[in-house]
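Student: So the sequences go chain by chain: A and B. Each residue of the first sequence is one higher than the last, beginning at 821 in the numbering used here. Each residue of the second sequence is one higher than the last, beginning at -8 in the numbering used here.
What the hints contain is simulated information worked out from the structure, not anything from laboratory work. Any given hint could be a false lead.
[Unchecked claim] One-sided excerpt, in silico: chain B residues whose CB lies under 10 Å from chain A:
no.: 1; residue: A124
no.: 2; residue: A126
no.: 3; residue: E128
no.: 4; residue: E129
no.: 5; residue: F130
no.: 6; residue: Q236
no.: 7; residue: I239
[Said to hold, decoys possible] If we take Cβ atoms under 8 Å as the criterion, some of the chain A residues that face chain B in the derived model are:
no.: 8; residue: P895
no.: 9; residue: R898
no.: 10; residue: R899
no.: 11; residue: L922
no.: 12; residue: I926
no.: 13; residue: G928
In this text, all values refer to a predicted model and were calculated from it rather than measured experimentally. Quick reminder that beta carbons are idealized off the backbone N, C-alpha and C, glycines included.
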Amino acid sequence: MIRFDKVGKRYPGGREALQGVSFHLAAGEMAFLTGHSGAGKSTLLKLIALLERPSYGQVFVNGRNVSRAGRRRIPYLRRDIGLIFQDHRLLSDRTVFDNVALPLVIAGHRHQEIRRRVQAALDKVGLLDKAQRFPVTLSGGEQQRVGIARAVVNRPPILLADEPTGNLDPALSAEIMDLFRQFNTVGVTVLIASHDLALIRRLGQRILVLDHGLLVDDGRAHAA
Amino acid sequence: MSRFAWRETSSRRASRGAGTARAAVQRRRPAAPRRLGAYGVSHVQSLLASLGRMARSPVSTLMTVAVIGIALALPTGLHVLLENVQAVSAGWENSARISLFLQRDLPPDQVRRLEERLRAMPGVATVERITPAQALEEFRRLSGFDAALEALGENPLPTVLVVEPRLDFTDPALVEHLLDRARSLEGVELAQLDMAWVRRLFALMEIGKRGVLVLGALLALAVLLIVGNTIRLAIENRREEIEVQKLIGATDAFIRRPFLYSGLWHGLGGALCAWLLVSLSLALLAGPVRRLTLLYESDQALLGMNAGATLLLLAAGALLGLAGAWLAVGRHLRRIEPA
Chain A
821 MIRFDKVGKR YPGGREALQG VSFHLAAGEM AFLTGHSGAG KSTLLKLIAL
871 LERPSYGQVF VNGRNVSRAG RRRIPYLRRD IGLIFQDHRL LSDRTVFDNV
921 ALPLVIAGHR HQEIRRRVQA ALDKVGLLDK AQRFPVTLSG GEQQRVGIAR
971 AVVNRPPILL ADEPTGNLDP ALSAEIMDLF RQFNTVGVTV LIASHDLALI
1021 RRLGQRILVL DHGLLVDDGR AHAA
Chain B
-8 MSRFAWRETS SRRASRGAGT ARAAVQRRRP AAPRRLGAYG VSHVQSLLAS
42 LGRMARSPVS TLMTVAVIGI ALALPTGLHV LLENVQAVSA GWENSARISL
92 FLQRDLPPDQ VRRLEERLRA MPGVATVERI TPAQALEEFR RLSGFDAALE
142 ALGENPLPTV LVVEPRLDFT DPALVEHLLD RARSLEGVEL AQLDMAWVRR
192 LFALMEIGKR GVLVLGALLA LAVLLIVGNT IRLAIENRRE EIEVQKLIGA
242 TDAFIRRPFL YSGLWHGLGG ALCAWLLVSL SLALLAGPVR RLTLLYESDQ
292 ALLGMNAGAT LLLLAAGALL GLAGAWLAVG RHLRRIEPA
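So that you can see chain A by itself, here it is in the shape it has in the complex (with noise of 0.2 Å):
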């Protein structure tokens, strides 16, 4: 599902966020994605997500080379990956309901389709009572689930979370991970960037490890 071919993202300035980083996620996995800060997690998530494009090597998402995709065909990818965010990256002048809806309203499916969809995404983090709350109103473990509802409204076959637990207390992380082994057991692939190693070791799945850039441990060994 996500395949990376000895991948490098250099930035302007000549700082090396990834060096030759290859690994495949097959369809339906769960992976972490670990490492110290600045080892280069942001940098991969980014890629898949074509909010980068590698210096050099290639990824592939859903058997697709992304890294030569065109500017107009982003969009139609972009729409295939549910993005969390550490920050949740809510709207705070729409309610929980506009948040949630908003991958819908952008493909343009019809109202009636969008309320049963987003009442079904809300009912699945828990926060179906709370749809006409702005996220200002709610704790940081409520928006969390409702940027989760966000990133699962539009039934993306992919998954990708950029320290979705970073600013959560162990009870709530537990509650956020356990909502992604949910979607996982029903075949959606998940990448979740952390550096909980604690948290993410109780998971017993499998883990990538990345230092200054380069794929230390792809985690075969761990599933294998």
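Here the structure of chain A is known, so what remains is to put chain B in place on it, guided by the hints.
Tutor: Structure of chain B alone, referenced to chain A:
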């Protein structure tokens, strides 16, 4: 089992390669008729949302609309003014008169014969005789050179015959022909067509029209820049929203749409404002103009903006707004990329 099947299909999909990638993308979009309906809905949503946004900041919206309105009102008002001048002077082109200055020592009976011959010419409506005494009297009254005229001793002015062509005798060539014939009559010293001032007026009006065009073009550019700047600020204000929309797969067209509608509304609002300003100014002018035309014994009423001109103004405003927004959106939206 089911999970295995899922993997199976997706890996097969992966092996099909990039050639079918587009098909795979299209597969995920809703079916065509639903999409078309949703497309319309999306347009209506952007249309209303942009109106709502404008209504939520009424002061800045009204100020922008007023500036656009004034910019559009200037050329529109001048145009209406010119139309009025043109309407009033439309009859003047035909009011050419021929003045025949006769030789000074022409005996009175010859003057009378000349008068009759002129009256008999085709196209002549009236012939009026101004005697040297009448002319002198008028000159004295208008010039105030009383003393100088006294010093002359005798009246230096000739007899003048003023020939007025018939009203249906409008063709300038015919008038010229009449002028030539009158000039060749015996006893006529000088024949002059009193049309120069009408020609000058029309030439001035041509300059006026051209001036309105130039002014209109300049102010249209101003409207373009005003709307462009307004939209640029709106884009900056909604930077975060645009980034999030791009993150979750919004196309450029989707992000652009509300801004384009906003530009359209600003332009249309400005045009309405301009119409109001011009109509108001015309209403203020109507009284004095009425008095003036009564003095000229004319029943020419002040022309307002007709339906065609109004529609043109509104369309021009809306189009300028849209174009200004398009320029701003094209320049600034591409620069905003989620990081």
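Student: All the hints need checking, so say for each whether the structure fits it.
Tutor: Results for each hint:
1. A124: violated (89 Å)
2. A126: The hint is violated - A126 (chain B) has no Cβ within 10 Å of chain A, the shortest such distance being about 84 Å.
3. E128: The hint is violated - E128 (chain B) has no Cβ within 10 Å of chain A, the shortest such distance being about 84 Å.
4. E129: violated (80 Å)
5. F130: violated (81 Å)
6. Q236: holds (7 Å)
7. I239: Holds. Min distance 5 Å.
8. P895: holds (4 Å)
9. R898: holds (4 Å)
10. R899: Since chain B brings a Cβ to about 4 Å from R899 (chain A), closer than 8 Å, the hint holds.
11. L922: Nearest chain B Cβ about 6 Å off; hint holds.
12. I926: holds (5 Å)
13. G928: Holds. Min distance 4 Å.
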